[in-house]
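Colleague: Sequence:
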Amino acid sequence: MEKQGGLVADRPRSVAAGEMLSGGLSIGFIPTGDRALHTHLQPKAAVAYEHLQMSHAKNAVLGILDDPYNFQNHATTYAAATIMKIAYGKTTPTCATDPEVREVRLLFGRFCTVLVPGAYLVDSIPWLKYLPWYGRELKSEFETTKRLYTNQLNRVKQQIERNMDAGPSFMKYMLENSNLYGLTEAEMAFLGGAFFGAGTDTTAVAICTVLMAAACFPEEQAKVHAELDAIVGRDRAPTIADLQFLPRLDAFISEALRWRPLAATGFAHRTTEDVIWENYCIPAGTTVLGNHWAISRDPDVYPEPHAFKPQRWINNQGCLRGDLKFFVYGFGRRICPGQHVANRSIFINALLILWAFQLTLDPTKPLDDMAFMTGVMPSDKPCAIEFKVRAPETEIKLMMQNNPEVA
Numbered sequence: 002m003e004k005q006g007g008l009v010a011d012r013p014r015s016v017a018a019g020e021m022l023s024g025g026l027s028i029g030f031i032p033t034g035d036r037a038l039h040t041h042l043q044p045k046a047a048v049a050y051e052h053l054q055m056s057h058a059k060n061a062v063l064g065i066l067d068d069p070y071n072f073q074n075h076a077t078t079y080a081a082a083t084i085m086k087i088a089y090g091k092t093t094p095t096c097a098t099d100p101e102v103r104e105v106r107l108l109f110g111r112f113c114t115v116l117v118p119g120a121y122l123v124d125s126i127p128w129l130k131y132l133p134w135y136g137r138e139l140k141s142e143f144e145t146t147k148r149l150y151t152n153q154l155n156r157v158k159q160q161i162e163r164n165m166d167a168g169p170s171f172m173k174y175m176l177e178n179s180n181l182y183g184l185t186e187a188e189m190a191f192l193g194g195a196f197f198g199a200g201t202d203t204t205a206v207a208i209c210t211v212l213m214a215a216a217c218f219p220e221e222q223a224k225v226h227a228e229l230d231a232i233v234g235r236d237r238a239p240t241i242a243d244l245q246f247l248p249r250l251d252a253f254i255s256e257a258l259r260w261r262p263l264a265a266t267g268f269a270h271r272t273t274e275d276v277i278w279e280n281y282c283i284p285a286g287t288t289v290l291g292n293h294w295a296i297s298r299d300p301d302v303y304p305e306p307h308a309f310k311p312q313r314w315i316n317n318q319g320c321l322r323g324d325l326k327f328f329v330y331g332f333g334r335r336i337c338p339g340q341h342v343a344n345r346s347i348f349i350n351a352l353l354i355l356w357a358f359q360l361t362l363d364p365t366k367p368l369d370d371m372a373f374m375t376g377v378m379p380s381d382k383p384c385a386i387e388f389k390v391r392a393p394e395t396e397i398k399l400m401m402q403n404n405p406e407v408a
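In the numbering used here, the protein residues as written are 2 to 408.
Result set (DSS-like, lysine-lysine): computed pairs, CA atoms no more than 27 angstroms apart in a straight line:
#	residue 1	residue 2
1	Lys398	Lys382
2	Lys147	Lys130
3	Lys382	Lys310
Label-pair ranges, simulated between beta-carbon atoms:
#	residue 1	residue 2	range
4	Trp134	Thr240	55 to 61 angstroms
5	Thr93	His307	43 to 49 angstroms
6	Gly286	Lys140	25 to 31 angstroms
These are calculated hints, taken from the structure and not from any lab test.
Glycine included, C-beta positions come from ideal geometry on N, C-alpha and C.
Generate the whole structure from the sequences, applying the supplied hints.
Modeller: Spelled out as structure tokens, the structure:
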């Protein structure tokens, strides 16, 4: 799926999710839209968002100080505020409980549910979609989704028409360069909506997975703390420049996302030609899944795969291994276009939160360490984490509030 990625870059037909719920406008089914996101979120472009991410991550630390029990909401608020700014240039405060955020997240969760194989009979019998009475709820939800995404696009469009300083954003870029990609306004609206909907939950879930791993494995968390104390200390807040000197933190995050991968079964690809792989012929038109869970449990690549061992990512010189990777963001040409922004979000939040707190599990509450693997933020709390400050709380607050970046 990597070396022959061009032959498995297609998606299998999805009538319920792709055609009825999304009207054929979902990013997963628009190759040119995918390319537009890749262009806007390439590594060099993604670097421009680091100060924004640091600013919002500091707000997440302040949120945890005030209300540690709801750390999932703080992670979601971070992701929503950051992606809303990148996607639409929104400058007003964004919170996980905002109606527009809740509605988009509900729609994304619904899309993931409908996408599950076997969820709707129409995926096996496509002509059912032409029956007036079949799938009315899907058609109704499509209209709701279209209205929501179009409203967001129109807000940016009006700012441009009124010569208002909307600031840079993905939607502004798309509106000003629509001729490069040949997308309709409806397609652009769904592209921005999918970016926001998919990026918010998956980023927040990844952050929570790292925090859960820290609480579950205190000995490994202590090694990260030792590295942070040696490189950053406790007299100043971490900065983006510190990231390159923290291989232990990098390894911890990589191991956490291997230990409990998001979207464990991966997303379906479809072969466009016959593919020869290890003397097997995979015929054209075959649905292929890159099973993240199975890959992450390969003992030939990850010895003792069920053990949590960040050290596996570090070589004898104490540096990150260049020969080991895990496909957190997918494969080949269908790799997540927002991977570079998402990666920085996870690292920056882990950096600040693990610098500020020691995380432990609440022994009186149940633990479901598999709950985040759907890629959608669960409505309940699969793990209760206690956050103990590693420096005086007043000093942490001052350092988090002393924020030169503009949110």
